[in-house]
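Undergrad: Please construct the entire structure, taking both the sequences and the accompanying hints into account.
Protein sequence lines correspond, in order, to chains V and L.
Just so you know, numbering that gives the first Met the number 0 puts 273 at position 274 of the first sequence, and the rest follows in order with no gaps.
Just so you know, numbering that gives the first Met the number 0 puts 183 at position 184 of the second sequence, and the rest follows in order with no gaps.
These are computed hints drawn from the structure, not numbers from a lab.
Heads up, the beta-carbon is just placed ideally off N, CA and C, and yes, glycines get one too.
Worth double-checking, as some hints may not be accurate.
[Said to hold, decoys possible] Simulated crosslink set (DSSO-like; lysine-lysine; CA at most 30 Å straight-line): (1) V:Lys42 - L:Lys344; (2) L:Lys125 - V:Lys204; (3) V:Lys439 - V:Lys409; (4) V:Lys339 - V:Lys314; (5) L:Lys344 - V:Lys57; (6) V:Lys128 - L:Lys208; (7) V:Lys50 - L:Lys125; (8) V:Lys330 - V:Lys426; (9) L:Lys56 - V:Lys124; (10) V:Lys314 - L:Lys317; (11) V:Lys377 - V:Lys394; (12) L:Lys345 - V:Lys128; (13) L:Lys345 - L:Lys56; (14) L:Lys163 - V:Lys377; (15) V:Lys57 - L:Lys345.
[To be verified] Label-pair ranges, simulated between beta-carbon atoms: (16) L:Tyr310 - V:Lys409: 32 to 38 Å; (17) L:Leu270 - V:Asp126: 46 to 52 Å; (18) V:Lys57 - L:Ile143: 34 to 40 Å; (19) L:Ile347 - V:Asn374: 52 to 58 Å; (20) L:Ser14 - V:Lys381: 52 to 58 Å.
[To be verified] Covered stretches of chain L, as calculated for chain V (at least 3 residues, CB under 8 Å): (21) 87–101; (22) 109–116.
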Amino acid sequence: MNYPVWFLPAIGGGTLIAFIAIVHVFVSHFAVGGGAFLIALEKKAYKEENKEMLEIVKRFARFFILLTMVFGSITGVGIWFITALVNPGGISFLIHNFVFGWAAEWVFFVLEIIAAFVYYYTFGKMDRKTHLKVGWIYFISAWMSLFLITGIIDFMLTPGKWLESHTFWTGFFNPSLFPSVFFRTFMSFLMAGVFGLFVLSFYEKSAAKEKFVKYSSLWVIISIILMIPFALWYVSVLPVEAKSLVMGKSPTIVITKQVLTYSSIAGILLGAIVYLKPDFNKFFVSLIIFLAGFLIIGSFEWTREAARRPYVINKVMYSNMIFENEVESLKSEGFLKKAKWVSIRNITDENKIQAGKEIFIHQCYACHTIGGFNNDIKERAKSMSYTALARYIEKIHKVRYFMPPFAGTKEEAKALAAFIAGDLLGKEVKEPESQKLDGKTIFENNCSSCHEVEDFEDLISGWSKEKVRKALDMLDKLNEEMPPFEGTPKEKDTLTEYLLKISGGEK
Amino acid sequence: MINNLIPNPDTIQVSWIYFQILLLLTTPIHFFFMNAVLGSAGIASYLHFKKDEKAKKLAHHIAIFLPLAVAFAVNFGVAPLLFAQVLYGQFLYTSSVLMAVFWISIIAILIIAYYLAYYYDFSFEKLGEKGKWIILLSFVLFIIIAYFFTNNMLLMLLPETFPKWFKNMGGTILASSDRVFLPKYFHNLAGAMAIGGLFVALISCFKSKKDKEIADYGKEVGLKTFFYFTLINIEFGLWQFLTIPGSIRRGLIGGSTSGTVVFVIALLSILLALVFSWKKNLKLTAIFGLTALLFMSFVRDFVRQGYLKDYFSPSSLKVVNDYSPLVFFLVIFLIGIFVAYWLIKKAIEAFN
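TA: Take a look at the structure:
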């Protein structure tokens with residue numbers, strides 16, 4: 000509402016961020032761990048006075064430079080660009096609060112680049128000790144970048160004491176900083192091992208290669224194992240809501256966690272086999288290990304992002320760039336009155352749909368596409384009528400924690416419902432004629448967002464009338480995801496009748 | 000209406016002056032490298048198309064430095080973009096969203112152009128004649144990037160065009176139709192070619208021990224490029240000067256003391272740089288050329304503030320005092336300078 004929205008209805012901003020972010024985190028962690036990996040390989044080669052090994056290190060360094068300098072650093076800028084385009088309000092808030100953290104990170108970025116170039120171009124031209132020192136400067140700078148960025152990223156998830164003090168340091172040293180930094184450090188070593196195996200699979204067979212393959216597989220195995228305790232520590236410091244999302248309340252996170260587990264197991268097993276039999280590190284095997292690493296990072300980052308919902312900065316700003324502390328006044332005074340970047344200030348019958356569209360763009364588009372494959376609002380709302388939607392929208396955050404509260408008046412909720420139900424879904428937009436509620440209406444208003452009528456044939460098949468009636472008093476106890484039903488006893492009776500009817504009658 | 004669109008800025012932690020100083024210090028460094036990239040890629044393309052061994056050797060020499068220059072152009076672009084977002088975020092984020100498709104495409108284009116530069120460098124011999132197409136493509140891509148950058152830097156200054164968003168939310172609004180655009184773009188490009196010439200002359204010095212002929216040739220080509228493109232650029236500069244809003248123009252010629260002083264210093268440095276490049280004095284050309292670049296970047300900032308004066312001034316940003324992060328940054332910065340110095344010293348030792 001403060002910023003314009005880059006509106007691509009069928010694509011959605013989240014997809015764009017994910018697209019760049021996934022490749023970037025992969026390469027940027029490699030850029031950190033790979034530094035340590037190179038030093039370790041180089042030392043090993045010196046210790047054994049092995050020229051062949053040194054040749055491999057040099058080749059690997061070239062690959063490293065080409066990948067991290069170009070792809071790594073430019074996609075890093077890319078993340079910054081894309082998040083600023085998709086969520087300028089969030090980025091602006093972070094930049095203004097942590098500008099000097101970023102500025103310090105930039106200094107390390109400069110050092111990283113200089114050190115990387117010096118390391119690569121002086122390979123074999125510099126005395127060994129100094130060359131290794133240059134490698135160390137590279138690694139320390141890269142790690143410091145990771146440390147600083149992690150502080151800011153994790154501030155978004157666990158702002159902790161910042162919420163009271165609003166100072167840079169409390170925000171930076173937030174509860175999840177340290178578990179996250181350790182976790183990411185091992186993740187970066189994992190990436191080094193994974194890339195090591197992958198690149199080595201292309202090299203011609205030699206004794207030196209065999210040694211490095213064994214060595215790389217050790218990096219893979221040990222890193223994965225060491226990541227586990229820090230992952231658990233990480234989860235333990237999450238705020239209650241995020242923890243419950245991670246621990247099972249969000250179905251998608253549950254799937255992601257399975258991916259994480261299986262990829263880790265695959266990584267460890269294949270790593271162990273390759274360690275015992277370096278010959279086995281063929282292209283396809285290394286590719287599978289590579290993919291396992293990719294999935295580990297991907298599902299971790301995905302979970303971290305998803306656990307933050309409905310916020311972009313926990314307890315501060317919602318995903319749709321509305322500050323938490325603004326919601327009350329927007330509810331009472333009206334979103335359209337207070338927002339920038341809307342053209343309609345007063346809702347009339349003629350402009351209702353258009354007003355609803357503007358509200359959708361500013362409040363829902365952050366997570367919902369229109370007709371896209373990702374969280375399509377048309378798909379999600381298809382079972383809901385105009386009146387059901389209007390009521391649902393008003394209590395959206397209460398029913399579904401992972402969505403921000405609706406920041407607007409009743410009138411505005413109706414306009415939004417009119418846009419979704421009328422314009423997008425082609426349903427009738429009509430105020431209910433009588434205040435008297437029949438079972439169907441109560442169902443539509445309260446249950447249709449999650450249940451289809453047909454579901455009840457199975458859901459309550461065989462239930463007695465008393466059981467159904469009693470269930471309505473304790474829906475939230477039956478299933479964690481379900482909100483309690485707040486109707487009057489009379490409405491509950493009516494709904495009971497209706498439910499029994501649609502389930503095919505009391506048995 | 001327009002004031003109703005400009006987003007409310009966030010608060011800052013230290014006085015805006017610090018950000019302004021940091022912005023003014025880091026921007027010209029970025030400009031130098033960015034110009035070096037564009038200009039030297041252009042010069043290398045030109046040289047490679049010439050059927051002449053000496054020219055090809057110089058192109059090869061440029062090829063080695065081009066990827067390094069790209070890395071530093073990007074790297075030193077991060078800092079000014081950061082500080083610009085702190086001071087002018089509400090304008091910059093908005094204009095970026097308005098032209099989002101082009102703005103984000105810069106990333107893809109840059110990756111390609113950068114890899115082409117590396118390809119041109121690492122496979123110079125192998126590529127042979129084909130190399131000229133590679134470097135030309137890279138050069139063209141950099142020109143396209145410049146086009147989008149110029150667009151955004153202008154669009155952010157034109158809040159009166161922001162309402163276009165209501166008709167086009169897809170992120171394809173540009174500022175190219177503004178009358179200042181063309182002179183600004185040409186001024187930037189010609190300036191980049193000139194500084195690129197200076198860069199080529201400077202890096203040719205590294206060759207003076209091993210291959211005197213190429214070193215001299217590089218110096219000659221570089222200084223010539225600097226001279227002629229600067230000469231042309233005086234026209235583009237004048238064109239831009241005449242198209243910018245009158246109030247800003249008057250500020251540069253007496254209306255504002257600070258504006259006039261930086262403008263006059265910039266102009267004088269250009270004149271001196273022209274004279275010395277004609278006389279083939281590389282050292283003095285470099286000194287005055289870079290001074291001109293520095294002061295022109297100040298002039299640019301003055302013009303920016305002039306554009307936004309009616310809507311906003313950075314001094315109006317709300318400050319919630321928290322100076323310790325600034326101190327932290329400055330300490331890191333000093334350490335960084337020291338370490339960078341050590342690295343470069345060791346590298347030079349290794350090569351000698």
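Undergrad: None of the hints should be skipped; say for each whether it holds.
TA: Okay, the hints, checked on the actual structure:
1. V:Lys42 - L:Lys344: Roughly 23 Å between the alpha carbons, so the hint for lysine 42 of chain V and lysine 344 of chain L holds.
2. L:Lys125 - V:Lys204: holds (26 Å)
3. V:Lys439 - V:Lys409: holds (22 Å)
4. V:Lys339 - V:Lys314: At roughly 23 Å apart (the allowed maximum being 30 Å), lysine 314 of chain V and lysine 339 of chain V satisfy the hint.
5. L:Lys344 - V:Lys57: holds (22 Å)
6. V:Lys128 - L:Lys208: holds (28 Å)
7. V:Lys50 - L:Lys125: Since the Cα atoms of lysine 50 of chain V and lysine 125 of chain L sit roughly 26 Å apart, the hinted pair holds (cutoff 30 Å).
8. V:Lys330 - V:Lys426: holds (26 Å)
9. L:Lys56 - V:Lys124: Cα-Cα ~24 Å, so holds.
10. V:Lys314 - L:Lys317: Between lysine 314 of chain V and lysine 317 of chain L the Cα gap is close to 22 Å, so the pair holds against 30 Å.
11. V:Lys377 - V:Lys394: holds (19 Å)
12. L:Lys345 - V:Lys128: With a Cα-Cα distance of about 12 Å, the restraint between lysine 345 of chain L and lysine 128 of chain V holds, given a limit of 30 Å.
13. L:Lys345 - L:Lys56: It holds: about 27 Å lies between the C-alpha atoms, which stays within 30 Å.
14. L:Lys163 - V:Lys377: The hint holds at about 28 Å.
15. V:Lys57 - L:Lys345: Judged against 30 Å, a Cα distance of about 19 Å means the pair holds.
16. L:Tyr310 - V:Lys409: 32 to 38 Å: holds (35 Å)
17. L:Leu270 - V:Asp126: 46 to 52 Å: holds (48 Å)
18. V:Lys57 - L:Ile143: 34 to 40 Å: holds (35 Å)
19. L:Ile347 - V:Asn374: 52 to 58 Å: holds (55 Å)
20. L:Ser14 - V:Lys381: 52 to 58 Å: Holds, since serine 14 of chain L and lysine 381 of chain V (Cβ atoms, about 54 Å apart) stay within the stated range.
21. 87–101: It holds, with 8 qualifying residues against the three required.
22. 109–116: holds (count 4)
Of the numbered hints given earlier, the model fails none.
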